[in-house]
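Which chain is which? The protein sequence lines are A and B, in order.
Residue 40 in full-length UniProt numbering is what sits at position 40 of the first sequence, and the numbering runs on without skipping anything.
Residue 100 in full-length UniProt numbering is what sits at position 100 of the second sequence, and the numbering runs on without skipping anything.
These aren't lab readings, by the way, just hints derived from the structure by calculation.
What you are looking at is a predicted structure, and each value in this text was computed from that prediction instead of being measured.
Incorrect hints may have been included.
Unchecked claim - What follows is a list of derived Cβ distance ranges for each label pair:
#, chain 1, residue 1, chain 2, residue 2, range
1, B, Arg-303, A, Asp-180, 42 to 50 angstroms
2, B, Gly-354, A, Pro-308, 32 to 40 angstroms
3, B, Trp-309, A, Thr-16, 52 to 60 angstroms
Glycine included, C-beta positions come from ideal geometry on N, C-alpha and C.
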Amino acid sequence: MNPGGIAFDRVTFTYTGRPVLDGVSFDLPEGEFCLLVGPTGAGKSTLLKAVNGLVPNFTGGTMTGRITVAGREVRGSTPADLADLVGYVGQDPLAGFVTDEVERELAYTAEQLGVDPAAMRKRVTEIVDLLGLADVRDRDLAALSSGQRQRVAIGAALVAGPAALVLDEPTSALDPTAADEVLSALHRLVHDLGVTVLLAEHRLERVAQYADSALLLNGGKVTAGPVGEVLGASPIAPPVVELGRLAGWPGPPVTIREARRHAAGLRESLAGHRPTPVVDAAPGRRKSAPTEAGPPLLEARGVRVEYPGGVRAVNGIDLVAGRCERIAVMGRNGSGKSSLLWALQGTGKRSGGTVAIGGADPAAHKPADRRTLAGLVPAEPADLLYAETVAAECEGADEDGRVPSGTCAKILADLVEGIDENAHPRDLSEGQRLALALAVTLTAAPPLLLLDEPTRGLDYPAKEALAARLGTLADAGHCVVVSTHDVEFCAEFASRVVILSDGEVVADGPARQIVAASPMFAPQVEKVLPGWLTVAEVAEALGRSGEGAADSGTSDDDGA
Amino acid sequence: MPTPADTTIRPRTALKAARHTTHPVAWWGWALLLATAAGRTANPWLLLLIVAVAGLVVTWCRGSEPWSGAYRVFLVIGLSAIAVRMAFYIVFGGSDGPTVLFSLPSATLPEWAAGFRLGGDVTAEGALAAAYDGLRLATLLVCVGAANALASPRRLLRSVPAALYEVSVAVVVALSVAPQLVESVGRVRRARALRGNTSRTPANLMRTVVSPVLHDALDRSLALAAAMASRGYGRSAGIPVPARRATSAALLIGLIGLCAGAYALLSAATPAPLAWTTVACSAAVSAFGIAFASKRVPHTRYRPDRFGWRDWAIVASGAAAVVGTVLSGILEPAALWPATNPLAVPDLPMWAAGGILLATAPALLAPSSRGGTP
Numbered sequence: 001m002n003p004g005g006i007a008f009d010r011v012t013f014t015y016t017g018r019p020v021l022d023g024v025s026f027d028l029p030e031g032e033f034c035l036l037v038g039p040t041g042a043g044k045s046t047l048l049k050a051v052n053g054l055v056p057n058f059t060g061g062t063m064t065g066r067i068t069v070a071g072r073e074v075r076g077s078t079p080a081d082l083a084d085l086v087g088y089v090g091q092d093p094l095a096g097f098v099t100d101e102v103e104r105e106l107a108y109t110a111e112q113l114g115v116d117p118a119a120m121r122k123r124v125t126e127i128v129d130l131l132g133l134a135d136v137r138d139r140d141l142a143a144l145s146s147g148q149r150q151r152v153a154i155g156a157a158l159v160a161g162p163a164a165l166v167l168d169e170p171t172s173a174l175d176p177t178a179a180d181e182v183l184s185a186l187h188r189l190v191h192d193l194g195v196t197v198l199l200a201e202h203r204l205e206r207v208a209q210y211a212d213s214a215l216l217l218n219g220g221k222v223t224a225g226p227v228g229e230v231l232g233a234s235p236i237a238p239p240v241v242e243l244g245r246l247a248g249w250p251g252p253p254v255t256i257r258e259a260r261r262h263a264a265g266l267r268e269s270l271a272g273h274r275p276t277p278v279v280d281a282a283p284g285r286r287k288s289a290p291t292e293a294g295p296p297l298l299e300a301r302g303v304r305v306e307y308p309g310g311v312r313a314v315n316g317i318d319l320v321a322g323r324c325e326r327i328a329v330m331g332r333n334g335s336g337k338s339s340l341l342w343a344l345q346g347t348g349k350r351s352g353g354t355v356a357i358g359g360a361d362p363a364a365h366k367p368a369d370r371r372t373l374a375g376l377v378p379a380e381p382a383d384l385l386y387a388e389t390v391a392a393e394c395e396g397a398d399e400d401g402r403v404p405s406g407t408c409a410k411i412l413a414d415l416v417e418g419i420d421e422n423a424h425p426r427d428l429s430e431g432q433r434l435a436l437a438l439a440v441t442l443t444a445a446p447p448l449l450l451l452d453e454p455t456r457g458l459d460y461p462a463k464e465a466l467a468a469r470l471g472t473l474a475d476a477g478h479c480v481v482v483s484t485h486d487v488e489f490c491a492e493f494a495s496r497v498v499i500l501s502d503g504e505v506v507a508d509g510p511a512r513q514i515v516a517a518s519p520m521f522a523p524q525v526e527k528v529l530p531g532w533l534t535v536a537e538v539a540e541a542l543g544r545s546g547e548g549a550a551d552s553g554t555s556d557d558d559g560a
Numbered sequence: 001m002p003t004p005a006d007t008t009i010r011p012r013t014a015l016k017a018a019r020h021t022t023h024p025v026a027w028w029g030w031a032l033l034l035a036t037a038a039g040r041t042a043n044p045w046l047l048l049l050i051v052a053v054a055g056l057v058v059t060w061c062r063g064s065e066p067w068s069g070a071y072r073v074f075l076v077i078g079l080s081a082i083a084v085r086m087a088f089y090i091v092f093g094g095s096d097g098p099t100v101l102f103s104l105p106s107a108t109l110p111e112w113a114a115g116f117r118l119g120g121d122v123t124a125e126g127a128l129a130a131a132y133d134g135l136r137l138a139t140l141l142v143c144v145g146a147a148n149a150l151a152s153p154r155r156l157l158r159s160v161p162a163a164l165y166e167v168s169v170a171v172v173v174a175l176s177v178a179p180q181l182v183e184s185v186g187r188v189r190r191a192r193a194l195r196g197n198t199s200r201t202p203a204n205l206m207r208t209v210v211s212p213v214l215h216d217a218l219d220r221s222l223a224l225a226a227a228m229a230s231r232g233y234g235r236s237a238g239i240p241v242p243a244r245r246a247t248s249a250a251l252l253i254g255l256i257g258l259c260a261g262a263y264a265l266l267s268a269a270t271p272a273p274l275a276w277t278t279v280a281c282s283a284a285v286s287a288f289g290i291a292f293a294s295k296r297v298p299h300t301r302y303r304p305d306r307f308g309w310r311d312w313a314i315v316a317s318g319a320a321a322v323v324g325t326v327l328s329g330i331l332e333p334a335a336l337w338p339a340t341n342p343l344a345v346p347d348l349p350m351w352a353a354g355g356i357l358l359a360t361a362p363a364l365l366a367p368s369s370r371g372g373t374p
C-alpha cells in the first residue's frame, strides 16, 4: 500500500440492488496522473465521487470496502470534512461555482477551512500564476471563456492543498484549444505540486498523452495498468490506439509522436491507395459523397445575430447547402455556432440577413410549420422531451406533428434498436436520449436537420453510431448540419466543414481539405498518416490491398 | 483559422477592477426597507413611485450578471398578482359600494360560510380596493426582484456565517432557484417551439414548461449543494453535536419570531409595541445563535466585503422611505390608506413621497458596473 496516493480495497457499491462497483481494488501512487476509462454508464462518475465521499453521502446506496487517500480513511466522513484532502472538479464548472468572481471563487475552499488570511492571499496568488489566470483574476466568472472557467474550478479545488484531485470529464464541453489549456495546466500541477490526479474523460484522444497510467472500468470491475496496455484492451479507445491495434504496433502507442515513429511501414503499404470518401462499409450505402445537384435547399445570406449589450454572435454569414450534404460547423466555444444554427432554424434570434429553406423563410412561419422546414436538436436533447415514457413521447411527437400514429416510434426503431418503450427518457443513456430527440425532430420530416453539439457525453462507439445514422439520413436526402468541436466525430461524419471564428466564416470547403490544413481541427489519424481521416478508411484500404488483418475491433456500430 | 483570441469576454467587464462593489447586505437591506414602506400604505401613487424608484435604481446600478434580469421577471409576477387579486374579488367579493359595474349570477352560501359570497354585484369601489391591494402585493414582489437583480443571492450568502450549515444550505438552494428559473424558462420555451408546440392550455403548459423547468432547477440546486459540500462548506469538524443543535434551535426560533414580527408590523391589527417587542426578541435570539456558533467555527474571510459609508448611506436611503411613511401615517393617515367609497382620486402624501424619493440615492452612490450605461 502506498500511503501517499489513492487506494481502493475491495470496494463494492450497490444502488437499488444493482452493483455499480463490484469489488474494485487499485492503488495509485502519490503524484500519479491516472486516466479512468470506460463506456458510458459504467460507473466512472460513481467511482470518482466515492473518492471524496459524495457517493454515498449525496446519492444513497450501500458501500462496503475501504478507500484511503494519503493514508486517511474516506468512508464515514462527509465531503465537507474531506475538502482539505480531496479536490473535486465536475463537468460543468458553472454549476458548481458558489461565488461570482474569480478570486473569491479560488479562495472559497480556503475560507471554509479557516486558512489564515495572509496565507490565503499567498496561496490564491500562487494558484493564479500556476494556472495562468493572472489576466482574469478580477473578472466575473460569467465573463470568462469556458476554458478559463474550468481552470478556475481546478484552481478552486487546489487552493486548500489537497493530496488528491478528482476530475469528472473536465474537458468534454471545451473546444480543442481550451481543452489543451486545461490539460497542460493539470499536467504542470502534477509535476509542481505532486498531487495525485484521477480523471475520467470520453475524449481520450485529448487526454491519453498526459496520463501516467489508466484504469478501465467495465461491468463494475477495474483493470489497472500502463495507458497503452489498458487502452489496447479497452472497448473504448482513441483513434490512434485503434490505428496501432490495426497495424499491430507494439504498445500500442497512445501519443501522436510515438505513433509517427511506427508509421513508416504503414505509410508505405498505403502508398498508391486513396481513401474512399467518408464513412464506411455498411452495405447498400452510396460510396461517394453526393455532389450538389439542383437548386440549393438552404440559402442563407448575410445572417447576423446580435445580443443585448452589443455582442455580435453571428456577423454576416453566408451559407448555401444542398440536399444530401453533411456539414460540420466548427469553431471555438463562443464563435457563434449555436446562434447560427438557431437563427437558421428560425426559432432563434436573427438580427439581419435572409434565410430561405426551399425558398421559404422559416422565421416567418408558425413554429408548427417551421419544424417541417428545419428541425433542430438542441445541445441539451432532454429539453425536447417531456413525457414519462419513451412510448408516450413518441405518441406526443405524432400529435405535435399531426402525423399518423406510430410514425415517430418507427423512425426511432430505424435509428436505434433495443430502447425500452417504458423507460423514462431521463433514464436512457446519452446516445439513446439523443436518438429519441432526433426521432421526435424527424417526425416532422424536415429536409434540413440541424444538431447543436450532439456528441457531448457520447463514447466512441456511440459517436460512430451517430455518424452512421446521420450519414444514412443525408443519403436519404436530408441536409444535415452539425455544430461541433469534436474533431474525431467531424472526421467520421462530415463531407464539408465550415469553420467559424468571432461570428464569421473563416474557412469553408471539403472536409478532407479543411481539416488537413488546420492543426487545431485535424483528427489523430490525419496527424499520423497525412491524407487519411479515420481508422475505418485505413482498414478498408488495407483490406482492399489484401494485407494487414483489418481487425477494427471496436469500430463496429454497436447501436449505443 | 480561428484566432485563439477569447471571443466570450465582453469589454465592459474589464472595467470591473476599478469599481467599488456595494455590500450585498446593503442592497437587500435597502430593498427590504422599500418593501416595508410599500407594506405600510395602499396609496397607488406611492406604490407606483416605489416601483419606479426600484426600477430606476436597478437600471442604474445592476451589474451584467445573468440574474440582473430578475427585476423584469418579478415585475411580470407582480402584474399577475394584481390579476389574481382582481379575479378573487370578482368571484368571492370583498368591500362593496353603490356603483355597480356588472352583476354575476350569485350563489347563496350556507349559514356557516356567511360573510363570503360567490358571484353577485361587482362594484367600482370594490374593484378599486382590490386593485390597490393587488398593487401593494405587486410592489412587495418588485422590491424582492430589485434585491435579486442588484446583489446575487450567492453574494448575500457570503455574508451568512457558515456555522449555520443546514439552514444556510437550504437558503442557498432556495435562493439560487429563482434566477436560474429565468434562464431555464427561456431555454425550455425555445425547445418547445422546436417541437411546434404552441398550445396554451394550462395542462399542456404545466407538462411542457413548468415540469421541465422545475426538474432543471432541482438538478442544478443539487449540483450546487454537492459542489459546496465538496469544497468544505459547513464542515462539522470540531463542533460538538449539542452545541450545533442548540445553535440550530436558537436560529430557527429566532427566524420564526422574525417572520411573525414582520407580519405583525405589516398588519394593522397587532398593537405596535407588541410587534416591535417580538421583532427585537427574535432578532436577539438569532444574533445570539449566530454569534455562539460562529465562535466555534474556524472560518476566515478572503478580502471581506467592507460595510463602508456608501453601504450605510444606501441602507439609510431605504430607511428614509420607511420614515416617510411613518410620518405620513401620523400626520396624514387618510392619504396613506385612501378611501375607495366614495370613489375619489387619492391625494399624494408628501412626507412619504419625499422619503421614497430619497431612496433613489443609490443611483448616485453606487454607479453601475456596466460603466453607467443602463
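For each hint, the structure was consulted:
no. : hint                                         : verdict
1   : Arg-303/B with Asp-180/A: 42 to 50 angstroms : violated, 32 angstroms
2   : Gly-354/B with Pro-308/A: 32 to 40 angstroms : holds, 35 angstroms
3   : Trp-309/B with Thr-16/A: 52 to 60 angstroms  : holds, 58 angstroms
Hint violations for this structure: number 1 only, all remaining hints satisfied.
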